[in-house]
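Q: I would like the entire structure built from these sequences, with the hints used as guidance.
Here the working numbering = 1-based position in the first sequence + 135.
Derived from the structure by calculation, the hints contain no laboratory data.
The structure displayed is predicted, hence computed values, not measured ones.
Here are the computed lysine to any residue pairs in the SDA-like style, where the Cα-Cα straight-line distance is at most 20 angstroms:
#: 1; residue 1: 220; residue 2: 232
#: 2; residue 1: 220; residue 2: 239
#: 3; residue 1: 220; residue 2: 154
#: 4; residue 1: 291; residue 2: 325
#: 5; residue 1: 220; residue 2: 150
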Amino acid sequence: MPELPEVEFAARRLRTWAVGRTVSAAEAEPGSPLRDVTPEALAEGLTGRRFEGVRRHGKLLMIDLSGDRVLLSHLGMTGKWLRSKPGDTPRAGTRVQLALDDGARLDYVDPRRLGHLRWLPADEARRHPMVTGLGPDALEICATAGGLAEQLDWSKRAIKVALMDQSLVAGVGNIYAAEALWMAGINPFVRACDLEPDDYARLAAAIARAMTESLDRERDGEIRYIQDRAAQNPFEIYGRTDAPCPRCRAAIMRVLQQQRSTFYCPVCQPDR
DNA sequence: CTTATCCCCTGCCGGC
DNA sequence: TGCCGGCAGGGGATAA
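A: The following block contains the structure:
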């Protein structure tokens, strides 16, 4: 579920909760989203380590621990890091529990198990395809003049599909692709190679704006994913099939693109 | 090489 | 009321 803003928010919370703290006990569930590490090895590896920092690139969290070890954490569709107390009953979908030396507990919760956790020496983490396979971070590249176009304008795929390819630009998912293309007035099916430099400039600004707005909205609250309840949906067009376009009142369309829902306004985002 | 398709998982919702 | 299909913000593996 999380895209760049939600993962950034998770990184900030993890920093305040964990950096400087030491893991006093760890427990991981078999069958959890652990990759290339057993629950026992992860729990044993984490115990006694101190959190040194939390970095984010695109949707990937890189959690640095003492002794030059890194926990790579990708939240997938339903992953979250939450703080609780040692006695609390774990909420459904809890896969990892870390007791910290300040008396708090860190829980990795991932009901659908589509997330990824990897436990690696720092140098291996740096070289891991999960890290090296990512394109530039979306917020950074969108702040660079011409940067977004340089990443995408050679591709013959639909701009929405190319935008969501994490090896080209890291951090844009289904929601922010829809929101940004709507803000920029670009049809999601136009080939990336057919967009003009001016289109890319508007698109980069739109991505930055859509993501920044979410970060501002989430600053003081808990991450809250939309439920299909229109009243809670904070987005302009995502999830709003048949609702009037906020700009022109035409009905928002929902179509499938690469097996994922694409939302757009047929009037504000015309074919070309 | 790039691109398209299927698959992985669980939970919720609306329709019959 | 209960079952069933569709859908969900993720990426990886595989085939063309």
